[in-house]
Each structure stands twice: as structure tokens, then as C-alpha cells.
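Those sequence lines, one after another, are chains C and X. According to numbering that gives the first Met the number 0, the first sequence holds residues 0 to 150 in order. According to numbering that gives the first Met the number 0, the second sequence holds residues 0 to 454 in order.
Note that these hints are calculated values from the structure, not bench results. Fair warning: there could be bad hints in the mix.
Covered stretches of chain C (in silico footprint by chain X; criterion: 3 or more residues with CB under 8 Å from a CB of chain X, positions within the stretch not fixed) [said to hold, decoys possible]:
id	region
1	36 to 45
2	96 to 108
Listing some non-contacts, in silico: residues in chain C with all C-beta distances to chain X over 10 Å [unchecked claim]:
id	residue
3	A25
4	A33
5	G70
6	R71
7	V74
8	A86
9	R113
10	A119
Built from N, CA and C at the ideal position, the CB exists for glycine as well.
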Amino acid sequence: MTSMKDVITKAKIAALPDHAELRVAAGSVVTRSARELIAARGINLRFDDDPAAEAQEEERGTEHAIATVIGRDQVGIIALVSGILAASHVNILDISQTVLQGFFAMVMILDLSRSQSDFAELQQKLEKAGEEMGLKITLQHEDVFQYMHRV
Amino acid sequence: MPFSYTQDEIFETINMVELENLDIRTITMGISLRDCADPDLKAAGRKIYEKIVRYAGNLVETGEQLERSFGIPIINKRVAVTPIALVAECSGDDDYCSLAQVLDDAAREIGVNFIGGFAALVHKGFTGGDIKLIDSLPRALSETERVCAAVNVGTTRSGINMEAVAKMGEVIKETAQRTADKDGLGCAKLVVFCNAPEDNPFMAGAFHGVGEPECVINVGVSGPGVILNAVRNHPKADFASLASLIKQTAFKITRMGELFGRTASRKLGIPFGVVDLSLAPTPAVGDSVAEILEAMGLERCGAPGTTAALAVLNDAVKKGGAMASSSVGGLSGAFIPVSEDQGMARAAVEGALTIEKLEALTCICSVGLDMVVIPGDTPAETIAAIIADEAAIGMINKKTTGVRLIPAPGKKKGDRAEFGGLLGGGPVMEVSGYSSAAFINRGGRIPAPLQALTN
Numbered sequence: 000m001t002s003m004k005d006v007i008t009k010a011k012i013a014a015l016p017d018h019a020e021l022r023v024a025a026g027s028v029v030t031r032s033a034r035e036l037i038a039a040r041g042i043n044l045r046f047d048d049d050p051a052a053e054a055q056e057e058e059r060g061t062e063h064a065i066a067t068v069i070g071r072d073q074v075g076i077i078a079l080v081s082g083i084l085a086a087s088h089v090n091i092l093d094i095s096q097t098v099l100q101g102f103f104a105m106v107m108i109l110d111l112s113r114s115q116s117d118f119a120e121l122q123q124k125l126e127k128a129g130e131e132m133g134l135k136i137t138l139q140h141e142d143v144f145q146y147m148h149r150v
Numbered sequence: 000m001p002f003s004y005t006q007d008e009i010f011e012t013i014n015m016v017e018l019e020n021l022d023i024r025t026i027t028m029g030i031s032l033r034d035c036a037d038p039d040l041k042a043a044g045r046k047i048y049e050k051i052v053r054y055a056g057n058l059v060e061t062g063e064q065l066e067r068s069f070g071i072p073i074i075n076k077r078v079a080v081t082p083i084a085l086v087a088e089c090s091g092d093d094d095y096c097s098l099a100q101v102l103d104d105a106a107r108e109i110g111v112n113f114i115g116g117f118a119a120l121v122h123k124g125f126t127g128g129d130i131k132l133i134d135s136l137p138r139a140l141s142e143t144e145r146v147c148a149a150v151n152v153g154t155t156r157s158g159i160n161m162e163a164v165a166k167m168g169e170v171i172k173e174t175a176q177r178t179a180d181k182d183g184l185g186c187a188k189l190v191v192f193c194n195a196p197e198d199n200p201f202m203a204g205a206f207h208g209v210g211e212p213e214c215v216i217n218v219g220v221s222g223p224g225v226i227l228n229a230v231r232n233h234p235k236a237d238f239a240s241l242a243s244l245i246k247q248t249a250f251k252i253t254r255m256g257e258l259f260g261r262t263a264s265r266k267l268g269i270p271f272g273v274v275d276l277s278l279a280p281t282p283a284v285g286d287s288v289a290e291i292l293e294a295m296g297l298e299r300c301g302a303p304g305t306t307a308a309l310a311v312l313n314d315a316v317k318k319g320g321a322m323a324s325s326s327v328g329g330l331s332g333a334f335i336p337v338s339e340d341q342g343m344a345r346a347a348v349e350g351a352l353t354i355e356k357l358e359a360l361t362c363i364c365s366v367g368l369d370m371v372v373i374p375g376d377t378p379a380e381t382i383a384a385i386i387a388d389e390a391a392i393g394m395i396n397k398k399t400t401g402v403r404l405i406p407a408p409g410k411k412k413g414d415r416a417e418f419g420g421l422l423g424g425g426p427v428m429e430v431s432g433y434s435s436a437a438f439i440n441r442g443g444r445i446p447a448p449l450q451a452l453t454n
């Protein structure tokens with residue numbers, strides 16, 4: 000379990016020079032204070048590749064997420080969102096949309112299994128683009144809806 | 000299509016998060032420290048620090064990953080450990096404050112806001128280690144920031160240790176004095192229990208019980224705001240329909256707890272323990288248990304009918320929650336902390352809610368007199384007697400009760416105490432001026448009740 004892992008603490012980071020490169024074994028524990036100090040001192044943290052973990056990633060197969068877009072209806076909403084998704088190689092499995100009294104509400108079901116952006120990165124891109132157009136865009140893992148609405 | 004969610008279902012979930020404060024209240028990692036005992040307390044401290052950092056070093060990071068991918072915030076990531084009295088006992092030292100400091104340092108290193116388990120279980124009597132831990136409490140709580148403490152003084156099976164009850168009255172007074180500059184903040188990190196659960200993920204009372212595995216992930220759900228809106232939207236519903244409505248909502252909330260617990264467990268490679276169904280309020284607007292009771296038709300929380308309303312709420316939450324998770328545990332009920340719940344605090348300020356009414360409510364809710372500020376000059380014996388009352392309710396009703404009283408130094412009825420953050424703030428509530436000193440000074444143990452004879 001956790002007993003064999005390296006542990007990186009704040010004290011270990013404090014001993015390094017600024018902007019140093021720190022290579023650690025895959026799966027190492029890096030504490031919150033260590034991460035804060037890493038960010039503050041511009042240290043480059045790299046995890047060694049772990050072939051076992053990568054193989055596991057491959058096996059996961061499909062990964063679905065749900066994106067929602069809410070805001071005032073305007074030209075180019077679908078183009079904006081689908082453009083970002085296409086650029087990250089995210090496939091849109093289903094779209095439904097309604098416009099109620101000028102308010103636009105869209106739900107997209109996405110397949111992230113070939114996505115070239117990781118989840119957080121994609122989420123940020125969508126949120127930022129949404130803000131520029133005055134839209135609220137969320138991206139959530141499918142499991143949330145699966146767990147809440149299906150037994 | 001592999002999917003079958005309707006747009007309504009999807010927006011219902013979004014709505015819960017965006018508008019109704021749906022969140023996961025806490026992911027708490029329980030860690031056994033039994034293998035850290037050492038005749039040298041310093042060496043024990045090193046082992047404890049090393050073990051907590053190793054096991055829980057990635058807890059905050061993992062929690063944040065889950066928040067991002069599920070789009071639901073986790074308010075707290077915390078750690079609970081084996082009661083320190085058990086771990087420190089084999090050392091010859093008399094003062095366990097150094098271990099509290101170790102826990103505080105470890106909590107800071109891994110970035111958790113509270114660490115629970117500076118605790119002793121003394122429901123039938125004290126060992127040497129228990130006494131030393133209890134004596135260390137006032138200093139430990141005043142010198143550390145993140146350490147939470149609990150003392151179990153009674154159980155249904157063993158009765159109530161009245162020596163411990165009397166002692167805790169004094170400990171609470173002294174802790175308040177030592178943190179007088181912060182309105183007695185130290186007492187907000189100390190719970191006195193009867194029937195303390197071993198797998199409770201909620202602070203300040205969390206500790207990792209002796210029957211628990213090496214390491215475990217427990218989850219506490221939240222969501223008073225979601226239930227509040229469900230109740231508000233059905234002002235005319237009769238009680239059967241109201242209960243059913245709360246049940247359905249509690250089910251959905253608890254499913255989120257189950258999802259987070261299972262996913263965190265997989266990511267961290269640590270077994271999943273329980274989901275605690277407690278409705279936990281926060282000082283945020285709309286995240287109040289008192290407001291749910293008021294939405295049921297009471298002018299103010301504390302009005303006649305409040306106990307019945309809480310019974311409806313508490314039971315429906317359990318029924319819905321029990322269906323949603325295969326591993327329910329911890330406290331699992333509604334919390335009624337005064338300072339942490341805006342509606343409760345308001346009702347107390349306006350005089351609608353008194354300590355006596357709160358005591359009645361604790362017969363049916365999950366924890367007892369929680370975060371109640373009382374006058375700073377309340378005698379230790381009176382505090383002990385309030386603890387005894389609560390412990391008796393727990394003992395006779397086979398339920399958990401706890402007491403987290405803050406005798407705010409220098410403050411009188413009508414003044415206000417502020418603790419900040421999730422601990423909130425609240426009014427100083429009136430306590431009966433009649434003395435209980437002779438009763439408390441009897442000492443000994445209240446025998447186990449008839450309810451204990453179940454075999």
C-alpha cells in the first residue's frame with residue numbers, strides 16, 4: 000500500500016535551490032505544504048513514468064463527461080464549445096438544447112477517452128471561454144449523474 | 000445511446016451545487032497509530048508524524064482532483080487518529096502536549112484544517128494514560144491550532160463515569176481561560192461524548208476507534224440547503240408527503256457521499272469505511288438546519304413543535320440515506336450546532352431557542368449541545384452537570400450525545416462570541432443559576448441502565 004512510497008515534505012523542498020529540478024518516483028507522496036513551496040520557489044517537479052499506471056489508464060477505455068452551458072442566447076455558442084472540444088479530440092456523443100425566454104441551456108454528453116487535454120485543463124478552457132461570452136459552462140464526470148439519478 | 004439522463008435531471012444536479020450549497024462536508028482519513036507507541040515519547044512523536052504524512056500526504060491533492068472532476072466541492076479534508084491516550088500510555092512522560100504539537104505540525108504539513116484524536120475513552124474508569132491526556136487538554140488545545148480532542152465519559156453498556164464528568168467541567172473552564180483572547184476558542188475543539196462512534200468523520204469529535212482497520216476513508220455529506228429548498232417548494236404538503244420528499248432528496252445527497260468515498264478510496268488505495276448521513280450546517284446563508292425546521296411551518300426554531308419537526312427531518316434523512324449507501328455509519332443524523340448554523344444563532348439571539356429546548360432536541364438529533372456559548376462565569380460544576388444531563392440522554396436512549404460548550408471568558412448573556420470560519424459565532428446563552436455542585440461532587444459512576452442488559 001502506501002508503505003513503500005517516497006514522501007516529499009516541505010523540509011525536503013526547503014533544502015533545494017530555487018528553480019531546481021526534482022525527479023521523484025511515480026506515485027510518490029507530495030504533501031500540501033511541499034507543493035505550495037514547490038510553486039513558490041519555481042521548482043520543477045517531475046514524476047518518473049510508471050508503466051503499470053499507464054497500462055491501467057489504457058484499460059479504462061471510455062470515459063464520459065457531461066458539459067452544461069447556461070446563459071443568454073447568442074450567435075456562436077455551439078461553435079465556441081464544440082471548437083474547444085474538437086481541438087482537444089473530445090467526441091460529442093449527444094447534444095440537447097432548449098431556449099427558454101431568451102435563456103439558452105445546453106447539455107452535451109462527451110467521450111473523453113481520446114482527449115488530449117486532461118480533465119482539469121479542459122474544464123478551465125471551457126470555463127474561461129464561457130466567461131468571455133457571459134455563459135456558465137460546467138464539465139462534470141458522468142458518475143455524478145449516474146450515482147445521483149440511477150440506482 | 001449509452002445514456003439516459005434527462006435534461007431536468009442534469010440541471011437538478013447543477014442547481015443543487017450552484018444554488019443550494021450541495022457539497023461534501025468532509026473526507027476524513029482514519030489512521031491507526033497503535034504501532035507508533037514507544038517508551039520514549041519523542042520517538043513516538045517521530046513515528047506518528049512520519050506515519051500521518053506518509054498515509055495522508057496526498058489526501059488534500061486527491062480531494063481537490065475529485066472536486067474538479069465531479070464539480071462538487073469538498074469543504075474539508077481531515078485526519079482522525081487512534082485516541083492518543085492509548086498511544087502515549089507506555090511512555091513514562093506525564094505531559095502529552097508534545098504529541099498534540101506533533102499532530103498540529105503533521106496537519107500543517109499535509110494541509111488539513113483539523114486533525115482529531117487527541118482523545119481518551121474513560122466511560123468506565125481511567126488508566127494512567129487517560130488521566131495524563133485529560134490533564135494535558137487545556138494546554139494542548141491552547142497551544143495548537145488544528146488539533147481536536149474528544150473524551151468519552153459514558154456508554155449505554157457501562158453507565159457514566161461521573162469522576163470524568165466532573166473533571167471535564169474543570170478542563171473546559173481552564174481551556175476557555177487559556178484561550179480567553181479568542182473568546183474561549185480552545186473549547187470549540189473539545190467534545191465530551193456519551194456513546195462516541197468510532198468511525199465519525201466529523202470534527203471536533205472524530206477519532207479512529209480501536210476496532211477500526213489500519214487506515215480508512217470516511218465521508219460526511221452535507222446539504223441542508225438542498226433539503227431546505229425541497230421543503231420550501233412544498234409549503235402545503237402533509238407530513239407523509241414531506242417525509243417522502245426529504246427522503247428522496249437525502250437519497251441523492253448521500254449517493255454523492257458514496258461516490259466520493261468510493262472514488263477517493265480507489266485513488267488513494269485505502270479501504271472505504273462509511274458515509275455519515277448527518278445534515279451538517281455551515282454558517283453560510285441557506286445552509287442551515289434551523290431554516291429547514293422553520294420552513295416546515297415554525298415561526299422560529301425553538302418554537303413549540305420544533306422537536307417534532309426535527310424528528311421528521313432526522314428520520315427521513317436516515318431512511319433516504321440508508322437506501323443510498325451500503326455502508327452507513329458515524330453519527331448519521333441532523334446536527335444542531337448553534338454558532339455554526341445561522342438560523343440557530345438567530346433563534347438564540349431572539350430568545351426563541353434556549354439551552355433547555357436544545358437539550359430536548361438532542362434526544363432525537365445526532366449530537367448534543369454543540370457549539371453553545373455560555374457565560375464565562377458559569378461554574379465548572381454547572382458545566383459538568385450539563386454534561387451529565389446530555390450523557391444521561393445518550394445512555395438511556397442508546398444514542399450518541401456530545402457536549403461542546405464554550406464558557407466565553409468575560410462574556411455575559413446577550414454578548415456575542417466570534418470564532419471565525421466554519422466555527423462561526425453566536426450569542427452567549429443563559430444557563431440556570433441554581434447550583435449542581437453537591438450532585439457533581441458525589442463522584443463515582445452512574446450504573447449502567449437496564450438498557451445495557453440485552454444479552
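Would you say the region 36 to 45 of chain C counts as covered by chain X, given the rule of at least 3 residues with C-beta under 8 Å?
violated (count 0)
Quick one: work out the minimum CB distance from A86(C) to chain X and report holds if it exceeds 10 Å, violated otherwise.
holds, 20 Å
Are all beta-carbon distances from A33(C) to chain X longer than 10 Å?
violated, 8 Å
For A25(C), which was marked as not at the interface, is the minimum beta-carbon distance to chain X over 10 Å?
Label holds. Min Cβ-Cβ 13 Å, cutoff 10 Å.
Evaluate the condition: distance from the CB of R113(C) to the nearest CB of chain X exceeds 10 Å.
Given that every Cβ of chain X is farther than 10 Å from that of R113(C), nearest at about 16 Å, it holds.
Does the claim that G70(C) lies outside the interface with chain X hold up, using a Cβ gap greater than 10 Å?
holds, 13 Å
Using Cβ atoms and 10 Å as the threshold, tell me whether A119(C) really stays out of contact range of chain X.
violated, 5 Å
Just checking, V74(C) versus chain X, shortest CB gap more than 10 Å?
holds, 22 Å
Regarding the assertion that R71(C) does not contact chain X, is the least Cβ-Cβ distance greater than 10 Å?
Fine: 17 Å to the nearest Cβ keeps R71(C) off the interface.
Given as covered by chain X, does the region 96 to 108 of chain C meet the bar of three residues or more with CB within less than 8 Å?
holds (count 4)
The earlier numbered hints that this structure contradicts are 1, 4, 10.
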